[in-house]
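There are 2 protein chains.
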Amino acid sequence: MNFLKTLIPALFIGSSLFGQNTDSIIIRKIYDEALENGHAYKNLEYLCKQIGPRLSGSVNAQKSVDWTKKLMEDYGFDRVYLQELMVPVWERGAKEEAYILDGDTKILVPIAALGGSIASPSKGITAPILEVRNFEELKALGEAVVKGKIIFFNRPFDSKLFNTFSAYGGAVNQRSQGAIEAAKLGAVGVIVRSMSSVVDDFPHTGGMTYQEGVNKIPGAAISTKSADVLSEKLKLNKSSVIQFYFKQSCRTLPDAVSYNVIGEIKGTIDPDGIITVGGHLDSWDLAEGAHDDGTGVMQSVEVLRIFKRLNLKPRHTIRAVMFMNEENGLRGGLKYAEIAKQNNEKHLAALESDAGGYTPRGFTVENAPFSLTHFSNWKSLFAPYLVDAIISGGGGADIGPLRIMPEVVLIGFRPDTQRYFDIHHSSNDVFENVNKRELELGAAAMTSLIYLIDQYGTK
Amino acid sequence: MNFLKTLIPALFIGSSLFGQNTDSIIIRKIYDEALENGHAYKNLEYLCKQIGPRLSGSVNAQKSVDWTKKLMEDYGFDRVYLQELMVPVWERGAKEEAYILDGDTKILVPIAALGGSIASPSKGITAPILEVRNFEELKALGEAVVKGKIIFFNRPFDSKLFNTFSAYGGAVNQRSQGAIEAAKLGAVGVIVRSMSSVVDDFPHTGGMTYQEGVNKIPGAAISTKSADVLSEKLKLNKSSVIQFYFKQSCRTLPDAVSYNVIGEIKGTIDPDGIITVGGHLDSWDLAEGAHDDGTGVMQSVEVLRIFKRLNLKPRHTIRAVMFMNEENGLRGGLKYAEIAKQNNEKHLAALESDAGGYTPRGFTVENAPFSLTHFSNWKSLFAPYLVDAIISGGGGADIGPLRIMPEVVLIGFRPDTQRYFDIHHSSNDVFENVNKRELELGAAAMTSLIYLIDQYGTK
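Protein chains in written order, with this note's numbering: chain A, 37 to 495; chain B, 37 to 495.
Honestly, the hints are just simulated from the structure, not real lab data.
The structure displayed is predicted, hence computed values, not measured ones.
Incorrect hints may appear among the rest.
Pairs count within a copy or across copies, as identical chains cannot be separated in the list.
Pairs of lysine-lysine residues, derived as PhoX-like cross-links and limited to a Cα-Cα distance of at most 25 angstroms, are as follows [claimed, not checked]:
| # | residue 1 | residue 2 |
| --- | --- | --- |
| 1 | LYS344 | LYS196 |
| 2 | LYS271 | LYS183 |
| 3 | LYS196 | LYS349 |
| 4 | LYS271 | LYS261 |
| 5 | LYS175 | LYS252 |
| 6 | LYS196 | LYS78 |
| 7 | LYS85 | LYS131 |
| 8 | LYS269 | LYS183 |
| 9 | LYS78 | LYS261 |
Based on the sequences and whatever the hints tell you, model everything.
Here it is, written out as structure tokens:
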């Protein structure tokens, strides 16, 4: 595009609704601060590059606790504290090895053990491998066929789904439940096509579960490109047997002490009324947890920083929460809700950012039709920033346990979804893949919503 | 984000408006085809990787003409042809050299000659350098101060502007007109801060102009990071003189023959009624012209391919136009309009994609309030794909000359703007920076709009 010939007219700020003029000015100031003087990007750079991967129970996870606590103390928030909890500890161990065995030919393939998986035997597993697309196909094969085999779950994302989270939701049971279903029929291991929107060489890890009373077998994700190679091999070699070898050394250690990290700006009128904004501080171990969920925690800290910087004195207490252990236990979210309930805290709303730091599109509001209607009145305030898709939908994993207090309105921050699963849980979830302006626009949108909820309540 | 805990409910397709049910089904099919079986991404890969930079008059520009013609012929479009025109020919020549001269210290800095610039003397230019933010500051310095100096234009993008095209619009006169204004006061060269949203080491080229009767002086863009270094040096050295050296070997050759490339699907009911969809085939020379504008031309071809593949028989003739020479002359757009006028063609509408291949946000409609209202009735059809920002605004550079036929409705395809100027006109505008799904969603949105215009007209 060339200069000046095709410029879109500047978007003018301001709302046509009565009484929203002041709000539109404050929201404009929030955006100005985020875009011109934002800290989220440089804070994220520190979290990603100076600390790095932050799997629960790791040394890095503790470093991230210490650093975010200090960061919020240095910002001078009214109260900064830790909330102790126990987290599961899982370690990947030595880098995994895997290959397809086609006669005497070994084709090396990249895999990553799934979080929570047991190790393979120390010499690895070699076994014939069978491809299935879903649990129905697996069950149709039956125990006689499955016994002693490795099961290869290879159902890709449905690319037709506009929202990639829907595509993820349609594929992820292979990863989360595959080892259980395969073990029930006597399989010795599972290899799962990576949960990804793209075809490339990077395996995507993620949580898997076992079931009481069902044999535990090791599970690993294979890169989508190698999944296609393996599938092709299996199609071409109907007569002979394709075998698969993989070796992984992961292990689960005893639970360890860790923390949620919490910062607060005290409310001036109703300090006992709490509005939570958060993301999760832990990440998978393969990369820096930039979009998942460094962006969410740094945006949450930024919400409070902007309130303080603009001298917006909130009526209610605004709390930024860096939840621990979302990825493989949700212990932070559970602990936060447990303590809130135990202390009989009065929570108005909780907003979570855990869908990446991409361009904001809107917010989802969970099971609260009156609040959804109320928030929708603010669409004209969000329209100049194209973040006005305010629809019904889930809040977030970490804030989910707050459902034990039914009056709390749970809200999810919703950025554009198209790129998230390209990098999610893989070694590509790094700082370089975060765009500064997109991150800042998210922090501004979140701050604006928290401001409006603080002013006008939840319904 | 973890699995299944926070999935957004799948977006259901379909419109609640009467009579739009069939349309919503056809649009769903268009999206399915683009997302599941799309060709735009692999075609773009060929254009970027097998052909590459395509500056007007270059060997590569001719290759891109030949290849896109063959591509559309192979798709079996009803008519594929070339439209001959003359284009300016500008060559960068040897890689530029530049440094800041602070006493005896040379600090090398990356620059890129601006398109259309003359060369420096063969030994380069060394002169004191003066920083200004705008033409007012320049004029305030006056001829006595400016004479014999290099002028450094260093006004950055206004990061507060939500739409980065507005920020570009607010900065670009430094690049396009800076050499004229500086030369009027006796300057010997201009160095312009790159038109970019980010601070990094990559200079961004782009068009500059000279003015009849004003001395021609060479102009180059400096990377934003080096612009900051230079500015800092100038601030710190108020007493001594900072000099700047640059050398560039660019030249303008005689105009050469080139072509617009046009493919058509004939209308079944009103074949003389034409709907144009296009982008520009030429690019700057520093990179592959992926987002500017490989995405636009490949999306335009994809519109016709999808019509054909889904056997959608258009009422009017749908024409994909690969315009030549948008970047440094607009000769393709001018020729297209000239011939349309000359042949007394009946054009309904023209849609241009020249703002990058990012996630679609909507469309801008130029000076056609009735059409804007008419198109806005289709918002509910676009809402499931979050591409419903249908607002007043410019169409596009290449289709702009069609304004000589006032009945033609000019429409701009509007993707998200946040990342465009990170890479625009720099060596980073490469295929790797295009996301497959984002590109495909754009092609689907464009096809859907063309489908609706074909069915229901422009007002």
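Which hint numbers doesn't this structure obey? none
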